[in-house]
Every structure is written in C-alpha cells, then in structure tokens.
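Enquirer: Here is what each chain is made of, one letter per residue.
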Amino acid sequence: MRQRTVIWTIVIGFFVAAALGLALTRPRAPETISDTRVMMDTSIEIRIFGSKRTLEAAFKRIQEIDELMSRTRKGSDIYKVNQQAGGEWVKVSADTFHVIETALRFAETTGGLFDPTITPLVELWGIGTGNPQIPDQEAIEQAKGLVDYRRVDLAPSSRRVRLTQPGMGLDLGAIGKGYAADSVAQLLRERGVESALLNLGGNVYVIGGKPDGTPWRIGIQDPFSDRGTHVTILEVRDTSIVTSGPYERFFIRNGKRYHHILNPETGYPADTGLASVSIISPSSITADALSTSVFLLGLEKGLALLEEMEDVEAMLITNDRKVYLTSGLKQQVKSLAKGFEFHD
Amino acid sequence: MTRSRYFRPGDLIIYGALLIIFVMGTLIAAGGLGEEGAVAVITQDGKEIRRINLGQVDEPYEFQVENEEGDYNIIRVEPGRIRVIEASCPDKVDVKQGWISGAHQSIVCLPNRLVIRIEADAPDAQDGIDGIAF
Chain A
1 MRQRTVIWTI VIGFFVAAAL GLALTRPRAP ETISDTRVMM DTSIEIRIFG SKRTLEAAFK
61 RIQEIDELMS RTRKGSDIYK VNQQAGGEWV KVSADTFHVI ETALRFAETT GGLFDPTITP
121 LVELWGIGTG NPQIPDQEAI EQAKGLVDYR RVDLAPSSRR VRLTQPGMGL DLGAIGKGYA
181 ADSVAQLLRE RGVESALLNL GGNVYVIGGK PDGTPWRIGI QDPFSDRGTH VTILEVRDTS
241 IVTSGPYERF FIRNGKRYHH ILNPETGYPA DTGLASVSII SPSSITADAL STSVFLLGLE
301 KGLALLEEME DVEAMLITND RKVYLTSGLK QQVKSLAKGF EFHD
Chain B
1 MTRSRYFRPG DLIIYGALLI IFVMGTLIAA GGLGEEGAVA VITQDGKEIR RINLGQVDEP
61 YEFQVENEEG DYNIIRVEPG RIRVIEASCP DKVDVKQGWI SGAHQSIVCL PNRLVIRIEA
121 DAPDAQDGID GIAF
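Protein sequence lines correspond, in order, to chains A and B.
Read left to right, the first sequence gives residues 1 to 344 (our numbering).
Read left to right, the second sequence gives residues 1 to 134 (our numbering).
Because the hints were derived from the structure by calculation, they are not lab data.
Treat the hints with care, as some may be off.
What the hints assert, rightly or not - One side of the interface only, derived from the structure: several residues of chain A facing chain B at Cβ under 8 Å:
1. Glu-45
2. Leu-197
3. Trp-216
4. Gly-219
To be verified - With a straight-line Cα cutoff of 30 Å, these simulated DSSO-like cross-link-like pairs (lysine-lysine) come out:
5. A:Lys-256 with B:Lys-96
6. A:Lys-91 with A:Lys-80
7. A:Lys-256 with B:Lys-47
8. A:Lys-144 with A:Lys-91
9. B:Lys-96 with A:Lys-210
10. B:Lys-92 with B:Lys-47
11. A:Lys-334 with A:Lys-301
12. A:Lys-210 with B:Lys-47
13. B:Lys-47 with A:Lys-60
14. A:Lys-60 with A:Lys-80
15. A:Lys-80 with A:Lys-144
16. A:Lys-338 with B:Lys-92
17. B:Lys-47 with B:Lys-96
18. A:Lys-330 with A:Lys-210
19. A:Lys-144 with A:Lys-301
20. B:Lys-96 with A:Lys-338
21. A:Lys-60 with B:Lys-92
22. A:Lys-91 with A:Lys-74
23. B:Lys-96 with A:Lys-334
24. A:Lys-338 with A:Lys-322
25. A:Lys-334 with A:Lys-256
26. A:Lys-210 with A:Lys-334
27. A:Lys-322 with B:Lys-96
28. A:Lys-301 with A:Lys-322
29. B:Lys-47 with A:Lys-52
30. A:Lys-322 with A:Lys-334
31. A:Lys-301 with A:Lys-256
32. B:Lys-47 with A:Lys-74
33. A:Lys-322 with A:Lys-256
34. A:Lys-60 with A:Lys-210
35. A:Lys-144 with A:Lys-256
36. A:Lys-52 with A:Lys-256
37. A:Lys-74 with A:Lys-144
38. A:Lys-322 with B:Lys-47
Quick reminder that beta carbons are idealized off the backbone N, C-alpha and C, glycines included.
Produce the entire structure from the sequences given, and follow the hints as far as they go.
Expert: Okay, structure coming up:
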C-alpha cells in the first residue's frame with residue numbers, strides 16, 4: 001500500500017520535473033525589443049535583438065550626443081561655440097570636434113553649398129519652429145554674409161573651435177543624426193548585438209540582417225505622398241540609408257511651399273528640381289551629409305559627386321518623378337511605385 | 001467501508017497538486033499563457049500614459065490626449081489597430097499616417113511629443129517593411 005503511493009509519487013514527480021525542466025530551459029523565442037522616443041528634436045526608434053539594458057544604453061548614447069551637439073540646448077558644445085562667435089576659442093568634446101571636421105570637409109567638397117555655419121539663415125526662416133516666416137531681402141542678405149564655413153577655426157591638438165565673426169553659428173542638423181547612428185551602432189556591436197534597426201528621424205541604420213537571417217526591408221519614402229508610403233523597398237544588411245527631401249519640414253505661405261534645406265548662396269530653400277535624395281552607405285555620417293549635399297547640388301553635379309565616392313550608392317528622384325540610380329543599386333531596384341519611372 | 005488501497009484523502013491532495021504543477025509547467029513551456037494580440041503603448045514626454053491590448057478591443061472608441069499647453073491628439077482604436085484622427089499640430093503627419101497594427105510600428109507627433117507604438121509581441125506589419133527612410 002505505501003509502496004504504491006511511493007511509486008505513483010515518483011512517476012508523477014518525474015513528469016513534473018520534466019515539465020519544469022522544459023519550461024526553464026526551453027530556448028526563448030528570439031527576443032527583439034524596441035522603443036520609440038522623441039529625442040534630438042525628432043523621433044528615434046531603436047530595435048535590437050538583445051537585452052533591455054543594451055537598449056537603454058543606446059538611448060543614453062543618443063541623449064549624450066544631443067547634449068553635446070544641439071544648437072538650441074543651453075550648455076551644449078555647439079551652443080557655447082555659437083555664444084562665443086567672434087570671441088574666444090571653445091574646447092569641445094572629441095565627438096563634436098569630429099563632426100565639425102567632417103561637416104567642414106563636406107562644405108569644401110560642395111564648394112560651400114553644404115555649410116554647417118548656416119545658423120543665421122536657419123534662425124531667420126524659423127522653419128520647423130512654431131513661427132516660420134519669409135524674411136525680407138535685406139535680412140536675408142545680412143544673414144548670408146554670416147554664413148561661411150571658411151571662417152571656422154579649428155585647433156585639433158587642443159580640440160578647440162572658434163567662429164571668427166560675431167553673429168555666426170554652427171548647426172550640425174544635417175549631419176548630427178548620421179553621427180549618432182554610427183555611434184549607437186558601434187556601441188551595439190561592442191555589446192555583441194548582431195541584429196538591430198535604428199531609425200533616427202528617417203535616417204535608417206541596420207546591423208546584420210533580421211533575427212531570422214533574412215535582410216532588412218527598408219522602404220524609401222515617396223516624396224509626394226504621406227509618411228509611410230514608399231517608392232521602392234531595399235533589402236539591406238549592415239548599412240545605413242538616409243533620405244533628404246523638401247517634404248519633411250516646411251511651411252506654406254501664399255500657396256507656396258518653403259522647406260528647410262536652405263541654399264547658403266541664395267538664402268532661400270534650395271530649388272534644384274530634386275524631390276528627394278537617398279544615400280546608402282555603411283557610414284551614416286557620410287550618408288547624412290551626402291544626402292543634403294547632393295540635394296543642394298542638384299541632379300547633374302550631385303551624380304558627379306557620387307561617382308567620386310566609395311562605398312556609396314544613391315537613389316535620386318526628380319520633381320517629374322524620374323528615378324536615378326547609381327550602378328550598384330541598379331540590380332537591386334527592379335520595381336517602383338505607380339507613377340514613377342526609371343531614367344534610361 | 002474499506003478504504004482504497006491506493007487513494008487516501010491525503011495522497012489525493014499531493015497527486016492533485018503535482019498534476020496542477022505539471023499542467024502549468026507544460027502550458028508555460030508551450031508559451032500558452034503569454035499575452036495575445038498587439039499591445040499599443042502611448043507615451044507623452046517619455047511617460048507611458050496608456051496601454052491598450054488591441055486584440056481585446058470589441059467596439060471601436062476614441063479618446064483625447066492633451067498636454068499641459070492644451071495641444072491635443074484624438075486617437076481612435078478599433079479591433080487590432082490604432083490611429084490618430086485629429087491633432088492640434090500644424091503638419092498633421094500623425095493623422096496622415098493612418099492605421100498601425102504590426103509589431104514595432106509607431107506613430108509620432110513631434111510637436112506634442114506623443115508616441116504610439118506597437119509592442120514586439122504583435123504580428124509583423126502586413127506590408128512586410130521593417131522601416132522607412134524619410
């Protein structure tokens with residue numbers, strides 16, 4: 001009698017142990033975690049195949065970069081440099097120094113069309129703020145006179161920066177998100193993350209492929225439609241895709257649209273016949289700076305610049321819905337949304 | 001009355017308890033106790049203000065989210081999906097974006113610092129796109 005009880009207990013106990021063992025050791029379904037937060041004046045999505053702690057570290061990195069490079073945040077490196085315009089040298093962090101140097105290199109490459117000292121014009125127009133305005137010509141001329149990347153002094157050995165004229169101001173808005181993406185990607189890789197997707201206000205960076213091993217599928221925004229509508233889809237791994245276009249930040253006055261990509265030569269929003277420029281490059285800072293540069297240069301000069309660059313592919317869309325691809329993309333992009341056609 | 005050779009009242013409790021643990025263990029192992037359906041999380045200024053299991057929505061409904069400055073977004077919830085239908089911000093990017101329902105999808109209203117996102121457990125987005133470069 002007692003023996004029976006013991007046997008039953010052992011048998012059931014075995015099943016219980018087996019079930020618990022299964023529950024505890026069962027390989028977890030691939031754990032992808034993500035969050036979307038409003039930071040750097042835009043929406044930041046980080047999606048990783050990894051731990052919550054790593055995700056938090058990634059957002060913290062974004063926060064740090066914003067605190068260094070925001071133009072409007074009191075106490076940031078850029079804020080301090082701008083405050084001291086025409087005056088003292090300002091020591092900045094290694095991150096900020098690197099981004100300023102890179103921005104100045106693109107300024108040279110584009111003959112000053114891409115200019116990180118665009119601040120006086122940006123502030124004059126106020127596009128993206130609650131109070132945009134069409135400035136009068138006199139104000140535009142005056143602001144234009146304060147935009148000149150050649151008047152930024154750098155002292156690399158001591159990491160100091162100086163703007164040589166009062167009223168000048170740096171703005172890293174056209175390159176900062178690219179740097180942030182590169183920096184977060186580096187942090188994630190150092191922590192062993194092999195699959196991740198970052199979307200920093202439309203700047204996409206992917207690490208590896210998706211957790212299931214297939215490539216990431218990234219849509220390129222249709223510049224004539226609402227957010228989320230795509231012209232085509234790219235299948236990518238370990239690269240970054242950055243798109244610039246006039247449709248993202250703008251205001252409409254007297255039936256005319258004024259967008260946020262300002263041409264420092266005219267002082268007005270750039271009008272080059274391009275509707276959007278997408279750059280694909282493993283370096284997101286390059287992709288970010290190039291997308292704005294090519295947009296400002298226009299179709300022909302833009303394509304010529306792209307020819308010179310290594311590890312860079314691009315997709316340009318004109319206002320008349322023609323799509324231009326660099327050679328490396330031609331095999332990949334086979335179909336376009338309705339209404340668009342390939343050049344050629 | 002003869003007492004059962006195998007089942008004494010005391011033993012039954014033990015058998016019962018063991019059986020329950022066994023069944024629970026199996027269920028957990030099979031993942032059958034996890035939450036089902038897409039969960040939408042709404043945050044404002046980084047703080048979670050609402051969490052909605054879209055899989056458990058029977059009747060569509062709408063509600064308004066407001067910040068201290070009086071800026072607002074009106075959000076509509078239907079079975080399995082969520083969207084913004086009206087907003088005080090000038091560009092209305094959030095309204096134009098329409099419905100979201102798939103894992104990791106999000107709607108952001110920058111001026112009002114509002115984020116609606118679908119948690120990772122949801123089914124994948126139907127358009128098969130992981131992200132969009134804009």
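Enquirer: Of all the hints numbered above, which does this structure not satisfy? Sort the numbers upward.
Expert: 7, 25, 36, 38
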